[in-house]
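Using the hints, position chains B and C against chain A.
Chains as they are written, first to last, in this note's numbering: chain A, 30 to 288; chain B, 1170 to 1480; chain C, 36 to 346.
It is worth saying that the hints were derived from the structure and are not from the lab.
Be a bit skeptical, because a hint or two may be false.
In silico SDA-like pairs for lysine to any residue, Cα to Cα no more than 20 Å straight-line [as the list claims (entries may be wrong)]:
#1 Lys-165(C) <-> Pro-1449(B)
#2 Lys-165(C) <-> Ile-1475(B)
#3 Lys-222(C) <-> Trp-141(A)
#4 Lys-222(C) <-> Leu-122(A)
#5 Lys-165(C) <-> Glu-1452(B)
#6 Lys-1295(B) <-> Ala-306(C)
#7 Lys-193(A) <-> Pro-234(C)
#8 Lys-108(A) <-> Arg-236(C)
#9 Lys-85(A) <-> Glu-1452(B)
#10 Lys-37(C) <-> Lys-193(A)
#11 Lys-37(C) <-> Phe-242(A)
#12 Lys-85(A) <-> Lys-165(C)
#13 Lys-1295(B) <-> Trp-314(C)
#14 Lys-222(C) <-> Arg-104(A)
#15 Lys-37(C) <-> Val-145(A)
#16 Lys-159(C) <-> Ile-1475(B)
Chain A residues, not near chain C, derived (Cβ > 10 Å throughout) [stated by the list, open to error]:
#17 Gly-39
#18 Val-47
#19 Leu-55
#20 Ala-59
#21 Gly-70
#22 Leu-84
#23 Ser-90
#24 Glu-123
#25 Asp-161
#26 Leu-176
#27 Asp-224
#28 Glu-240
#29 Asp-244
#30 Arg-271
Residues on chain A that point at chain C, a partial pick, calculated with CB under 10 Å [stated by the list, open to error]:
#31 Thr-97
#32 Thr-99
#33 Gly-100
#34 Ile-106
#35 Lys-108
#36 Leu-120
#37 Leu-122
#38 Leu-132
#39 Val-145
#40 Arg-149
Idealized CB from N, CA, C, for every residue including glycine.
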Amino acid sequence: MSGALLRATGLRLAFGGVKAADGIDLDVMAGEFLAIIGPNGAGKTTFINMTTGYLKPNAGSIAYDGRTITGMSPRAIVKLGIARSFQLPQLFLEHTVEQNIALAVASRHGIWSPLVPLLRPSYRDEARDLLDRFGLSAIADARADALNEGARKLADIAMAVALKPRLLLMDEPTSGVAASEKMTIVETLVNVLRDAKVTAVFVEHDMDVVERFADRVAVWSQGRIAALGPPAEVLSDPAVQREVIGIERHATPPGVRHA
Amino acid sequence: MAEWFQDNGLLLGLALLDGLSSAGLIFLVAVGLNLVFGVLRIVNVAHGSLYAIGAYSAASIGIFLASRGLPGWASIPALVLSAALVGAVLGPLIERFLLRRIYAQEEVVQLLVTFALFMILEDVQKLVWGVQPIHHDQAMKLLGTIDIPFGADFIPFTNYQLFVLPGFAVVTLVGLAWFLRRTLTGRVIVAVTTDREAATAMGIDAQRIFLLTFTFGAMLAALGGALSSPTAALVPGVGAQTIVLSFAVVATAGLGQIEGAALTSLMMGLGRSIAVYFEPELEVVVPYIIMVLVLLVRPQGLFGVIETRRV
Amino acid sequence: MKRYEPILGVLLAAGLVAAAIAAPWLRFVLTIALAKGIAVMGILLLLRAGQVSFGHALYIGFGAYTVAFLAPRVNDGAVLLLAAAAGAGVLGLMVGLFVTRYRQIFFGMLNLAMCMVFYSLLEKLYHITKGSDGIRVEIMPIAGQALDRVTYEWTVFGIALGLAFVLAFLLRLYLASPMGEALAGIKTRETRLEFMGVPARGVLLAAYVISAVVGGIGGALIAMTSRHVTPLLSYWTASGELVFIAILGGAGGVLGPFLGAAAYELVRVYAAASFADAWQMILGAVLLLVILFAPGGLWGMAARAIGGRGR
Chain A
30 MSGALLRATG LRLAFGGVKA ADGIDLDVMA GEFLAIIGPN GAGKTTFINM
80 TTGYLKPNAG SIAYDGRTIT GMSPRAIVKL GIARSFQLPQ LFLEHTVEQN
130 IALAVASRHG IWSPLVPLLR PSYRDEARDL LDRFGLSAIA DARADALNEG
180 ARKLADIAMA VALKPRLLLM DEPTSGVAAS EKMTIVETLV NVLRDAKVTA
230 VFVEHDMDVV ERFADRVAVW SQGRIAALGP PAEVLSDPAV QREVIGIERH
280 ATPPGVRHA
Chain B
1170 MAEWFQDNGL LLGLALLDGL SSAGLIFLVA VGLNLVFGVL RIVNVAHGSL
1220 YAIGAYSAAS IGIFLASRGL PGWASIPALV LSAALVGAVL GPLIERFLLR
1270 RIYAQEEVVQ LLVTFALFMI LEDVQKLVWG VQPIHHDQAM KLLGTIDIPF
1320 GADFIPFTNY QLFVLPGFAV VTLVGLAWFL RRTLTGRVIV AVTTDREAAT
1370 AMGIDAQRIF LLTFTFGAML AALGGALSSP TAALVPGVGA QTIVLSFAVV
1420 ATAGLGQIEG AALTSLMMGL GRSIAVYFEP ELEVVVPYII MVLVLLVRPQ
1470 GLFGVIETRR V
Chain C
36 MKRYEPILGV LLAAGLVAAA IAAPWLRFVL TIALAKGIAV MGILLLLRAG
86 QVSFGHALYI GFGAYTVAFL APRVNDGAVL LLAAAAGAGV LGLMVGLFVT
136 RYRQIFFGML NLAMCMVFYS LLEKLYHITK GSDGIRVEIM PIAGQALDRV
186 TYEWTVFGIA LGLAFVLAFL LRLYLASPMG EALAGIKTRE TRLEFMGVPA
236 RGVLLAAYVI SAVVGGIGGA LIAMTSRHVT PLLSYWTASG ELVFIAILGG
286 AGGVLGPFLG AAAYELVRVY AAASFADAWQ MILGAVLLLV ILFAPGGLWG
336 MAARAIGGRG R
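So that you can see chain A by itself, here it is in the shape it has in the complex (with noise of 0.2 Å):
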């Protein structure tokens, strides 16, 4: 825990007339658990995308551990230690979800060996062990087109957790996960977070898993940082309550995505 690794200067990006991001000013800092709320169209998911390279801010600039990244490309960033997982999970559909992990072990190796399989033992066995962290060992062989959302949802954390960043951004880990099964969910992903000692910002829909997991929030409100502190601080904020958990409460029946 020192210092920031990521630090987000007056990000401004504007979709038409939509600010996305009128002035984000972040640091995230090395070590800690940053959860990301606000109602559906703050800028939260364009966060994640300017970080990781996706898109590219009309001004400001995102320094990742004291060197500039802003306007690099995915592939860049990804190699320096930043890995995202998405929203609506991205996996191969015609791959296995053990292929999948192994595609992203792979690729933290470098590709380039095309007569050795892919499913070599080193690989395999990163692959397996981390499925086995995730819970997942009982559908390694199934493809991923015929997983249930909760389970696309771990693979596709698992793939962004099989690189081995040091910074992690997560785009709502948790929805479309059974209600029931959450908690379990997020404790795993938690512990393998920590043993990895992997920096995580996250954004998410459940006050609970913040309250419960985050060491700070951060409140986005239409392309801005309304507040910015602990949870317990920040959630029981009555502006806070009425402006984004309370439009989360009432706008969020269960089992509804969030676009």
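Chains B and C only, in chain A's frame:
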């Protein structure tokens, strides 16, 4: 430069006129292909066969009617009616019995189904019309030629190629633009082209639109063929040549774009005929060079829209 | 099914050899089939990535004309094969650097464009290529051995069979490697590859160059077998034929291309002998039937017969 014009001006004039008339034909065929692709998301390899069958049918019908004493003025309407007939018969048949089975399939399967259809129709042409050249130019003779003043000289050019071919193209372009923007069916077609899922989710009867669009596209291909038939003798293989050129137009124009198809057809028609007069070896290559250059600068085609994927 | 592949491969090879011994004219047909099967493995790679090239006859033509041009100077089959493979690889790298920036229909059409440019050059540059007359290829020594006609034909057949085995073996390893699996990842989630630090375009380019190399080898073998090369080897319909064979064989394993090529060539020869004017129609009909009623192709049918799964 001035000297070059002194020597080659006449040739250049002729090339431009030729280019204009062939651009008209290219547009008619390519815009049909582009429309069908936009709506059905299938590249119809057999589109060129519809062009060829349109041409052969028009020639046959023209020869038959002429032998029955059809007055000359009716030869141009006869061309159009032949094309409408070919499109109206083959279009629904192909859409209903072949394409409808494969809308959910992979792209390669769709391509190959129309490729198989192309192979079949190629031989159908040979069986029906034989391999000897067929030519019927009543419509072109009817309208005679015009001497176009060009500097001190005159270029003789057929009225048919100067007015009828580009004329049909312009009427089609304007009519199509009006239809797509101003009529309900047209707007539905545009909606399906831009966002198919949203359009069908809104309750649009996709099957009807697909049938309609394909039949209309088939008519346009056949019309291109029918109108071309008076200008040159028909031989086997004309469909195969036409379709590759139309592919190039569609990719260059941007998928589903009709104005793009018009501009591209003009570029390719002119480019090709200039090549014919000055560098004949390059004639066939020119359209592809244009295509490659355009796609280098604009990977989505001249008028194409970049689709961004949400993650 | 994957387990049985080597055994089935040996059985298929034994069948081919037996057929070639039984009927000398079949030796010619089957050598061509092997050559095309080798080229079609390249199509298979690109299909893995979800991309359809409608232009790989470019590499067939390039390989074939490399043999035809160099034969008088080099005059050794083994060296010519190497030259064709290397040349096609270089050409594939140059074209690939451009076309791998595009996906789906643009990828298909740009490949088609390249193929048509090459075809036009072969056709039009008569003083170099003898145009549509084509170039004859004489019987040549192979690996320093001068051969009589029958021995030469057997040798080329043997080389084709040997190369088919070696290349199929290597490609099978490649497809199961991280590179090959990432290639398949392009089809379903290309953006994820980038977010894993894998350059998707590089992965596709590698596959494209391999596909060009096997295309060049196939073309060289075709030239050495038919001993006459014409521009038609590179016409776009020949590209369609390669995709046809890939789907006919079934996109499951590396045996598919050879099953498909053998079936394709045999149907073609029999159809051409029995119905001279309608062989294309018969092939088209076969293709339609396979696509509509046997979606896994011949390989899929074989897989069902054995009782395993196609993949």
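Hinted contact Lys-108(A) with chain C - closest CB pair below 10 Å
With a minimum Cβ separation of about 5 Å from chain C (threshold 10 Å), the hint on Lys-108(A) holds.
Are the Cα positions of Lys-165(C) and Ile-1475(B) separated by 20 Å at most?
violated, 44 Å
Does the alpha-carbon distance linking Lys-193(A) and Pro-234(C) stay inside the 20 Å limit?
holds, 18 Å
Given the hint that Lys-108(A) pairs with Arg-236(C), does the C-alpha gap stay at or below 20 Å?
Within the cut-off at roughly 17 Å; holds.
Once the closest CB in chain C is found, is it more than 10 Å from Leu-84(A)?
holds, 12 Å
If I take the minimum Cβ distance from Val-47(A) to any residue of chain C, is it greater than 10 Å?
holds, 22 Å
Once the shortest beta carbon distance from Leu-132(A) to chain C is found, is it less than 10 Å?
This interface hint holds because 6 Å falls under the 10 Å limit.
Are Lys-1295(B) and Trp-314(C) close enough, with their CA atoms no more than 20 Å apart?
holds, 11 Å
Does the structure keep Lys-85(A) and Lys-165(C) at a Cα separation of 20 Å or less?
Distance ~54 Å between Lys-85(A) and Lys-165(C) Cα, so the pair is violated.
Per the CB criterion, is Thr-99(A) less than 10 Å away from chain C?
violated, 17 Å
Assertion that Glu-240(A) lies farther than 10 Å from chain C (Cβ)
holds, 30 Å
Restraint status (C-alpha distance of Lys-222(C) to Trp-141(A) at most 20 Å):
Holds, at about 18 Å.
Violation of the numbered hints given earlier is confined to hints 2, 9, 10, 11, 12, 16, 24, 31, 32, 33; the remaining hints are satisfied by the structure.
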